[in-house]
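Number of protein chains: 4
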Amino acid sequence: MLNKFMGKTKRVVVPAMEEILEKEFPALDKGFIRLVDYMGGDASIVQAARVSYGVGTKKVSEDRGLIRYLMRHRHTTPFEMAEIKFHIKVPMDTWRQWIRHRTANVNEYSTRYSVAIDDAQQTSENEWRMQSSSNKQGSEEFFPPKLGREFTIQETEVQKYARKVYEKRIAAGMAREQARKDLPLSTYTEAYWKIDLHNLLHFSGLRMDSHAQKEISDYAKIIGNEIIAKWVPLTWEAFLDYRMNAKIFSGPEIKFLKERGIFTNLNLEDLDLYQGSGFVNEKGVLTREGKEFQEKLKLLQGS
Amino acid sequence: MLNKFMGKTKRVVVPAMEEILEKEFPALDKGFIRLVDYMGGDASIVQAARVSYGVGTKKVSEDRGLIRYLMRHRHTTPFEMAEIKFHIKVPMDTWRQWIRHRTANVNEYSTRYSVAIDDAQQTSENEWRMQSSSNKQGSEEFFPPKLGREFTIQETEVQKYARKVYEKRIAAGMAREQARKDLPLSTYTEAYWKIDLHNLLHFSGLRMDSHAQKEISDYAKIIGNEIIAKWVPLTWEAFLDYRMNAKIFSGPEIKFLKERGIFTNLNLEDLDLYQGSGFVNEKGVLTREGKEFQEKLKLLQGS
Amino acid sequence: MLNKFMGKTKRVVVPAMEEILEKEFPALDKGFIRLVDYMGGDASIVQAARVSYGVGTKKVSEDRGLIRYLMRHRHTTPFEMAEIKFHIKVPMDTWRQWIRHRTANVNEYSTRYSVAIDDAQQTSENEWRMQSSSNKQGSEEFFPPKLGREFTIQETEVQKYARKVYEKRIAAGMAREQARKDLPLSTYTEAYWKIDLHNLLHFSGLRMDSHAQKEISDYAKIIGNEIIAKWVPLTWEAFLDYRMNAKIFSGPEIKFLKERGIFTNLNLEDLDLYQGSGFVNEKGVLTREGKEFQEKLKLLQGS
Amino acid sequence: MLNKFMGKTKRVVVPAMEEILEKEFPALDKGFIRLVDYMGGDASIVQAARVSYGVGTKKVSEDRGLIRYLMRHRHTTPFEMAEIKFHIKVPMDTWRQWIRHRTANVNEYSTRYSVAIDDAQQTSENEWRMQSSSNKQGSEEFFPPKLGREFTIQETEVQKYARKVYEKRIAAGMAREQARKDLPLSTYTEAYWKIDLHNLLHFSGLRMDSHAQKEISDYAKIIGNEIIAKWVPLTWEAFLDYRMNAKIFSGPEIKFLKERGIFTNLNLEDLDLYQGSGFVNEKGVLTREGKEFQEKLKLLQGS
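Protein chains in written order, with our numbering: chain A, 1 to 303; chain F, 1 to 303; chain R, 1 to 303; chain C, 1 to 303.
Each hint should be verified, as a subset may be incorrect.
For identical chains, the list gives no copy identity; a pair is met inside one copy or between any two copies.
As a list, the in silico SDA-like pairs of lysine to any residue whose alpha-carbon atoms are at most 20 Å apart [what the hints assert, rightly or not]:
| no. | residue 1 | residue 2 |
| --- | --- | --- |
| 1 | Lys258 | Ile248 |
| 2 | Lys23 | Ala172 |
| 3 | Lys10 | Lys291 |
| 4 | Lys247 | Ser110 |
| 5 | Lys296 | Asp29 |
| 6 | Lys214 | Arg112 |
| 7 | Lys255 | Val12 |
| 8 | Lys168 | Leu299 |
| 9 | Lys247 | Leu299 |
| 10 | Lys30 | Ile153 |
| 11 | Lys136 | Gln213 |
| 12 | Lys30 | Lys160 |
| 13 | Lys10 | Ser210 |
| 14 | Lys168 | Lys296 |
| 15 | Lys247 | Tyr69 |
| 16 | Lys30 | Gln122 |
| 17 | Lys30 | Val285 |
| 18 | Lys160 | Asn135 |
| 19 | Lys164 | Lys298 |
| 20 | Lys23 | Glu62 |
| 21 | Lys291 | Asp218 |
| 22 | Lys10 | Phe25 |
| 23 | Lys136 | Glu289 |
| 24 | Lys23 | Val115 |
| 25 | Lys30 | Arg100 |
| 26 | Lys291 | Thr152 |
Hints were generated in silico from the structure; no laboratory data involved. All of these numbers come straight from a predicted model, not from anything done at the bench.
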């Protein structure tokens with residue numbers, strides 16, 4: 001009976017994840033994401049967070065409220081208590097962006113040991129994108145298919161040519177580590193990628209964003225919508241509410257709204273204002289989340 | 001003439017920092033923060049960010065605008081390009097929180113090699129704080145001095161007693177690593193602490209927050225207001241605007257404001273609305289920051 | 001049939017670990033280590049390492065040989081593919097050392113939210129250690145029990161006194177975050193601790209070492225001998241052979257051995273030399289490990 | 001007079017580094033390494049290490065001995081107290097390996113914002129390497145120039161072709177982020193790279209190793225021999241002795257040497273044995289390093 005403070009903790013199993021273990025989610029033309037393993041779930045986040053409350057307070061908040069509280073206040077360490085491992089197949093160009101997420105464990109297919117994967121990501125005629133004029137790093141609308149067809153034909157040629165050169169080198173006995181040097185960035189690679197949930201959400205936040213490049217975004221959306229949403233549904237909902245769909249108002253912006261008196265005539269104490277909004281519980285009082293919202297509005301009101 | 005793309009980069013020297021090198025800023029009763037060294041400054045953040053723009057775009061944005069843009073969009077890597085080193089003296093109890101910031105380099109005074117520092121943090125009679133009733137992890141108002149005096153007298157005794165026991169053990173030849181085991185958490189320790197600016201701002205954001213414990217907050221405020229503000233004034237201003245003084249509105253909150261029609265009657269296209277707000281430049285048009293704000297308001301308006 | 005290169009990968013289950021899930025291993029007088037969950041095992045290390053070999057080479061090495069090869073050549077990333085989570089109870093003084101291992105996920109019991117755990121680590125009369133004269137940071141032999149008894153009595157007093165002061169403060173309504181400041185370092189804390197195998201072995205290597213402090217070493221030995229050894233038996237054997245029981249000979253030392261001619265008269269090509277040593281396989285030829293050893297000896301021989 | 005324990009610490013300036021600030025060291029055919037800035041040096045490593053010794057022990061070891069001791073016993077944190085920043089130009093294929101070193105700060109030239117650098121790494125006719133038969137991931141001897149000439153001609157063609165396709169796409173208004181997808185891995189990129197000395201030595205150890213690919217090894221050797229050696233000469237010497245030129249003998253190997261009696265007839269106590277070896281100081285007694293060596297030999301002797 002030593003551990004009276006934190007209580008017995010059990011391994012967390014998520015049935016919805018057991019069902020998609022080893023399942024392959026296709027991405028782009030020849031890529032995929034496969035779920036290899038996971039550790040923990042919403043329940044282990046709650047478990048870890050409650051370490052901070054001690055024995056007497058186990059039932060103070062229900063799980064959803066606690067997870068939303070953690071997300072809202074950027075208490076990030078409990079989200080590190082869940083871990084996930086993928087096997088992915090991805091073009092090297094996309095991998096170049098992916099690998100910038102440093103807090104993860106990686107084992108990539110080695111083209112020093114083995115012959116490079118004989119797949120390159122091919123863009124079909126209706127997928128070629130124009131340079132965005134407003135966003136220096138982005139894309140805008142698609143090229144008309146006629147022009148797209150030309151790009152695709154040309155791409156097929158350059159990819160075939162580069163592969164032929166590669167294979168000639170290999171056939172001549174060239175070291176694989178050198179032979180690969182002129183392969184196109186569109187060449188596919190594979191890797192194991194293992195990461196904790198906090199860092200995975202950071203990845204999702206950046207790579208599902210509208211500024212992210214479409215290719216990596218495709219992967220991020222599959223990971224988010226098909227896998228994380230099943231793995232940790234409460235965390236995923238909170239993440240969408242507080243990160244993806246949230247807006248930050250800066251100090252100067254808040255000053256502006258306050259000075260322009262935009263909120264002046266709202267009676268923030270009148271609970272009728274909040275009816276039907278999700279900020280009031282079944283007893284008709286503001287939830288913890290509701291009170292924090294009220295505080296933000298008061299601040300804008302200058303009270 | 002090889003490096004035509006990124007241009008020649010120079011070491012950045014910040015005169016205001018040269019003046020406070022080795023300066024000791026006192027903290028709590030016997031602690032301090034001393035600036036040992038630094039690398040980079042606002043200019044090296046800009047330098048790093050411009051890598052992404054290439055040669056032709058060097059003057060597109062002036063430095064302040066660029067730094068604010070980076071901060072607003074959480075482009076964090078350029079802030080990692082500046083580094084700083086402190087020598088600090090801090091109670092072990094505060095150090096327990098400090099050390100949780102993992103992305104930093106640390107060398108702490110060893111009480112295995114050397115006799116423990118003969119200083120404990122003493123709380124004066126008017127500094128004892130009551131448990132907050134609203135915030136489980138916080139403090140509220142101060143105890144009346146009369147009661148505070150008793151606490152202080154008692155603390156002096158318990159600290160003296162624990163030190164006496166420690167010194168007896170040392171005098172008897174006990175291993176220092178074991179002798180220290182009953183020293184109070186209020187005992188001071190010293191350390192070198194080296195960290196990059198991105199992670200330091202994360203520290204500032206958490207530890208200058210109103211929910212942080214007063215003791216570590218005292219240190220964080222000195223580091224922020226006395227050192228970072230001098231080191232990288234543009235970054236510090238952006239940090240205050242977009243982190244410390246910003247408010248995040250969640251998805252549900254934005255939906256609420258939109259549905260309640262609070263912004264309905266604002267004509268957001270009327271530039272007069274923004275006059276005198278800092279969101280309009282000298283030519284009377286919205287700045288990039290202003291446009292992004294307008295977008296947020298439109299979103300609330302449902303347009 | 002997309003993933004022809006890396007092959008289908010399955011979740012790894014280790015029966016010996018399933019048996020000790022949630023088991024509590026006692027440590028020190030009132031501490032413990034409990035296994036909460038794990039991901040992967042020897043098989044997933046092999047799986048990750050084979051990514052580098054591609055499809056044709058799956059059977060080139062058997063698992064044990066491959067794991068030993070990885071360990072010998074410090075190919076560390078495959079060991080990051082296994083993850084483990086513990087719940088521990090440990091004195092704060094020991095935790096101060098533990099937490100210095102930065103690449104881990106941690107949730108510690110909060111003494112801001114909750115009353116401090118009412119347990120302090122007590123040293124019994126025959127466990128008090130003298131300062132080592134040869135090793136500035138170490139301990140030597142034990143104090144005689146008579147003297148030890150006095151230390152223990154005194155410790156009990158100082159711990160009781162400090163706790164009484166703490167409880168008076170709490171009873172008076174003092175903020176928990178401040179009340180705790182004079183608790184002794186011997187006070188127990190609890191935490192979840194999650195880490196990958198590579199970093200856990202690093203922890204084991206440092207904390208099972210003879211220079212580590214006895215208290216943390218007690219924990220490290222339980223983790224190593226009772227848990228890691230069951231989890232990844234092949235990796236653990238390799239770790240003992242190549243880290244714990246290995247000796248490094250520096251450049252100058254190798255030069256010395258070579259110049260002094262100590263190995264001169266050995267005929268390193270004579271396979272009889274290696275019989276019965278484990279460096280020769282059943283066919284009587286040197287294993288890969290054996291050849292690498294022969295190379296080191298040749299180097300010493302100056303050939 | 002607060003900081004009596006750790007003493008006043010001064011910023012460390014290394015004259016040999018001031019001389020090469022902003023200097024460009026060429027690498028491969030069109031790449032380079034340029035030193036942008038640095039913080040600390042041998043002196044700050046010593047400073048950080050001495051934190052552990054306290055005030056009375058400042059002169060116990062001279063700097064060289066202390067640094068060698070730290071390196072020998074893998075006390076790595078003091079080496080984290082020195083930091084360095086480079087601007088590099090490197091082929092993307094080499095960068096793919098480089099970026100795997102995660103504990104570093106990086107800002108890479110963006111080919112989403114800007115047109116890709118118009119340089120590809122070209123291999124000259126006498127630099128094409130054959131696949132090693134003994135080492136699956138390595139190279140062996142060079143191809144004869146006649147064959148090499150063909151490879152070079154073909155490479156020039158494939159690079160030119162891929163560049164032409166890229167420029168056509170750009171001219172047609174294709175988004176840069178998509179246009180780049182078929183550029184060869186040999187295309188150059190540029191980046192700022194900032195890292196602490198401990199992690200930089202880890203990079204050096206792996207990338208200067210004979211198993212590293214020649215291209216990244218070329219960079220690592222320049223960084224090591226031309227820059228680190230000037231920056232921290234004592235650390236660099238210790239690194240060469242204890243890492244690059246050291247040999248590790250595993251548990252089974254030590255057992256073998258011991259059982260085969262190879263060291264039996266050495267009288268390890270006879271100091272004459274060590275004369276002229278650097279393990280004896282001017283007074284004729286073994287240094288700390290010498291004693292540790294003697295211990296290793298005793299271990300082999302079975303005494």
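Outcome of the hint check:
1. Lys258 - Ile248: For Lys258 and Ile248, the Cα distance is within 20 Å both inside one copy (15 Å) and across copies (15 Å).
2. Lys23 - Ala172: Answer is neither; intra-copy 39 Å and inter-copy 40 Å both fail.
3. Lys10 - Lys291: Neither: 34 Å inside a chain and 47 Å across chains, both beyond 20 Å.
4. Lys247 - Ser110: Classified as neither: same-chain Cα gap 42 Å, cross-chain 27 Å, threshold 20 Å.
5. Lys296 - Asp29: Cα proximity of Lys296 and Asp29: none, with 46 Å in one copy and 36 Å across.
6. Lys214 - Arg112: For Lys214 and Arg112, the Cα distance is within 20 Å only across copies (12 Å; inside one copy 29 Å).
7. Lys255 - Val12: Cα proximity of Lys255 and Val12: none, with 46 Å in one copy and 34 Å across.
8. Lys168 - Leu299: For Lys168 and Leu299, neither the intra-copy (69 Å) nor the inter-copy (39 Å) Cα distance is at most 20 Å.
9. Lys247 - Leu299: both (16 Å within a copy, 10 Å between copies)
10. Lys30 - Ile153: within (18 Å within a copy, 32 Å between copies)
11. Lys136 - Gln213: within (12 Å within a copy, 36 Å between copies)
12. Lys30 - Lys160: Within one copy only: 16 Å inside a chain, 27 Å across chains, cut-off 20 Å.
13. Lys10 - Ser210: Classified as neither: same-chain Cα gap 39 Å, cross-chain 34 Å, threshold 20 Å.
14. Lys168 - Lys296: neither (66 Å within a copy, 38 Å between copies)
15. Lys247 - Tyr69: both (17 Å within a copy, 15 Å between copies)
16. Lys30 - Gln122: within (9 Å within a copy, 30 Å between copies)
17. Lys30 - Val285: Neither way: Lys30 and Val285 sit 53 Å apart in one copy and 45 Å across, limit 20 Å.
18. Lys160 - Asn135: neither (32 Å within a copy, 29 Å between copies)
19. Lys164 - Lys298: Classified as neither: same-chain Cα gap 67 Å, cross-chain 44 Å, threshold 20 Å.
20. Lys23 - Glu62: neither (32 Å within a copy, 27 Å between copies)
21. Lys291 - Asp218: Classified as neither: same-chain Cα gap 37 Å, cross-chain 28 Å, threshold 20 Å.
22. Lys10 - Phe25: Cα proximity of Lys10 and Phe25: across copies only (16 Å, versus 30 Å in one copy).
23. Lys136 - Glu289: Result: close only across copies, 16 Å inter versus 38 Å intra.
24. Lys23 - Val115: neither (26 Å within a copy, 39 Å between copies)
25. Lys30 - Arg100: neither (22 Å within a copy, 25 Å between copies)
26. Lys291 - Thr152: Answer is neither; intra-copy 56 Å and inter-copy 37 Å both fail.
In the structure shown, a violation is registered for the earlier hints numbered 2, 3, 4, 5, 7, 8, 13, 14, 17, 18, 19, 20, 21, 24, 25 and 26, in ascending order.
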